[in-house]
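**Q** Letter by letter, the chains look like this.
Protein chains: 2
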Amino acid sequence: MKAEILTIGDEILIGQVTNTNTVWIAQQLNLIGIKVVHMATVSDDREEILKGLENASQRADMVFITGGLGPTKDDITKKTFTQYFGVELVLDEAILVDVSSFFIKRGREVSQLNKDQALIPKGCRPIRNKSGTAPGMWMQKNNVHFISRPGVLYEMKEMMIAEILPAIKAEFKLPHIYHKTILTQGIGESTLAELIEKWEDGLAASNIKLAYLPQPGMVRLRLSTSGDNEKKIRETVEREIEKVIPMIKDHVFGFENYGEEMPTIEKITSDLLKERKQTLAIAESCTGGYVSSLFTAIAGSSDIFKGGIVPYTNDAKHELLNVDKTIFEKHGAVSKECVLALAENVRAKLKSDFSISISGIAGPGGGTPDKPVGFVWIAVSDGKKTLAKSFQFGDDRNRNIVMTANAAVSFLRKFVLKSI
Amino acid sequence: MKAEILTIGDEILIGQVTNTNTVWIAQQLNLIGIKVVHMATVSDDREEILKGLENASQRADMVFITGGLGPTKDDITKKTFTQYFGVELVLDEAILVDVSSFFIKRGREVSQLNKDQALIPKGCRPIRNKSGTAPGMWMQKNNVHFISRPGVLYEMKEMMIAEILPAIKAEFKLPHIYHKTILTQGIGESTLAELIEKWEDGLAASNIKLAYLPQPGMVRLRLSTSGDNEKKIRETVEREIEKVIPMIKDHVFGFENYGEEMPTIEKITSDLLKERKQTLAIAESCTGGYVSSLFTAIAGSSDIFKGGIVPYTNDAKHELLNVDKTIFEKHGAVSKECVLALAENVRAKLKSDFSISISGIAGPGGGTPDKPVGFVWIAVSDGKKTLAKSFQFGDDRNRNIVMTANAAVSFLRKFVLKSI
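Sequence order for the protein chains is V and P. Take the first sequence: its position 275, counting from 1, is numbered 275 in our numbering, and each next residue is one higher. Take the second sequence: its position 108, counting from 1, is numbered 108 in our numbering, and each next residue is one higher.
By construction, these hints were calculated from the structure, which means they are not laboratory data. Among the hints, erroneous ones may be present.
Where chains are identical, the list cannot tell them apart; a pair therefore holds if satisfied intra-copy or between any two copies.
[Said to hold, decoys possible] List time: in silico PhoX-like cross-link candidates among lysine-lysine, alpha-carbon distance up to 20 Å: (1) Lys267 <-> Lys371; (2) Lys371 <-> Lys141; (3) Lys384 <-> Lys2; (4) Lys418 <-> Lys389; (5) Lys157 <-> Lys231; (6) Lys249 <-> Lys141; (7) Lys198 <-> Lys51; (8) Lys351 <-> Lys105; (9) Lys79 <-> Lys209; (10) Lys277 <-> Lys384; (11) Lys51 <-> Lys2; (12) Lys51 <-> Lys105; (13) Lys351 <-> Lys325; (14) Lys351 <-> Lys122; (15) Lys169 <-> Lys349.
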């Protein structure tokens, strides 16, 4: 079963909006064994949409269309659908009730524009929208399925999870697709490739495809396969993973099981602390709340996170965390001495088992020849021992914040595991 | 000049990676007057890439290809290029020097795999990669330009900014494209459409296209036009904007000038404080550092941001910010009384002009019938007056954190402007 994802939207063609719908749809389809063979984005233009539908029908069995639906004037998917399928619009009573109650519940009038949301192409299977007003549309032409949903991510996800995906799973026989990704840190893509070259050469024989996915501070190795026997293909991949791990052991920090959230380094570290029933506090200056927010974004973080302090000025470091003023005079705020004090004091103040402290120069301003932009000190403490390390990142402020956060959490993880 | 953006990458088709390269490229092309007519994503497969190149050449004058380049085994763009253009690979000495020095500078050996990066298709104009090793490739076939760059965002951006975009601007005569976007908050898409219906009907006569771009907590109204006279098309759009603003004045909080960063509510608020030479401190519980990080992500935030505290437990609220324990007993941590105390005390402690405080239930756990998941109290203070408001958001933790942050910053902005 091959699928194409067709997105309609000028706002995407001019780069004003990132196409996040597509990523999510692709993940979901892959999870149920549907292979996405193509993605395309076209303009909010009748001719372009018609060409897009026609091209997609040549490549795929199922075409998922997002965008071009909704109550405002630039929505033309529905009209173009009627042209492509050669049918007229008819009123769907159930959808009319849905649309009307959406507005009535909110104490608002139901305008004609809104009522027209309940007009759907004849022969279409409408899909109810419980979070918004534009219904989805499922139509078939020459054995190709066309499933159209609104562009608003929240509404589209709900529709897919509640109705569309269950229907597809129930109505079609699908092969199994399996992926597993090894998460590595501290090694570059080409060096990694050289270490595992022989093993990689052997994968094609097991019908496994390997992809390298580099990103700041991490290289992911994705193994992918498909087949009819779910258990067998899973075992094949797991066996290959067992072969390669010893070759790159020092750099592996986790795995990504397909269909599950990619375990970020903070999630892995948070789970580690949770297992050990231990807690964390953070004092972060240049990362300004970002590292704390990474932990608190995780549901249940109150089990491990006691709190954080963002002492953005020297005054704040002194007032909130008792950093001695002589440290600023002798060594400056971006120093080993400062982060050692910050780590020890935030841990004591918040009464946590562990702490992280960070002080650096995110940029673009603030650098000096001794301490250029991107220079950062990070410390970790457990009350008995406090260790500090310095790092030199680059020029870009936001990239420096991300790299610093990754380095800090990684440092903490290894500290907790006592491997340093 | 029409362009297509072709992305090569299985990792995108299975939804493991969001295609951020494409957004950025589209923005840049649009800025210089090149119209992106189509975007496509194909598999890391020779046949699919060849079809992708051929289809793109039918639709566009310029095809931007991303992905499929780099030192590891699954990179096939270069080989497919040679097949599509019918040429062989030749060694480029300048690129070889670049690649070799990349590794030598880092104290690493230059492997054969790396040296092969310097092989490029005959007749190709190579584009140096100063942040990585894979060079970009610029080739022409039948008046269509094919420009291929590595998939790593950082490397691709550098190559575009340093060489490719300047070359395009210098070598081609391009029309002008102009966009301006009105940022509104606190009004739904369909209600907005009804308010401005008559004005919208008049836009086609000025060759202006209007698009509605809804997202959590905001609806953007984008006006777009193109033409040969840069000044004239700009004036036409500005004139239309002047006409519509009075109709929706209460909801407008800013503008997005195309080519500039979209001014987020936190950037607008930060600039407001900077203009007034005033400062801010934040005490945030359920948003856990996120709001502080929004401000500190902005370069120069140390001009306005004094610091933040994430008092994630009741103990922390008491120890760090002197919230009286009786407040927890009588009203709970998620209460008007608690946020009033947090706002006043963090402002006093960090000696800022303004403060924000937040206490709520992000979810998914922690809700009660009285205070369900998504229930949040927010307060703002200026030392003389402290105001508090409660909000009811939804079930999704991360969405709640974002909505709460938007509401908090918006609340502060209006408070600073004394409009509430």
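**Q** Under the constraints set out in the numbered hints, which ones does this structure not fulfil?
**A** 1, 2, 3, 5, 6, 7, 8, 12, 14, 15
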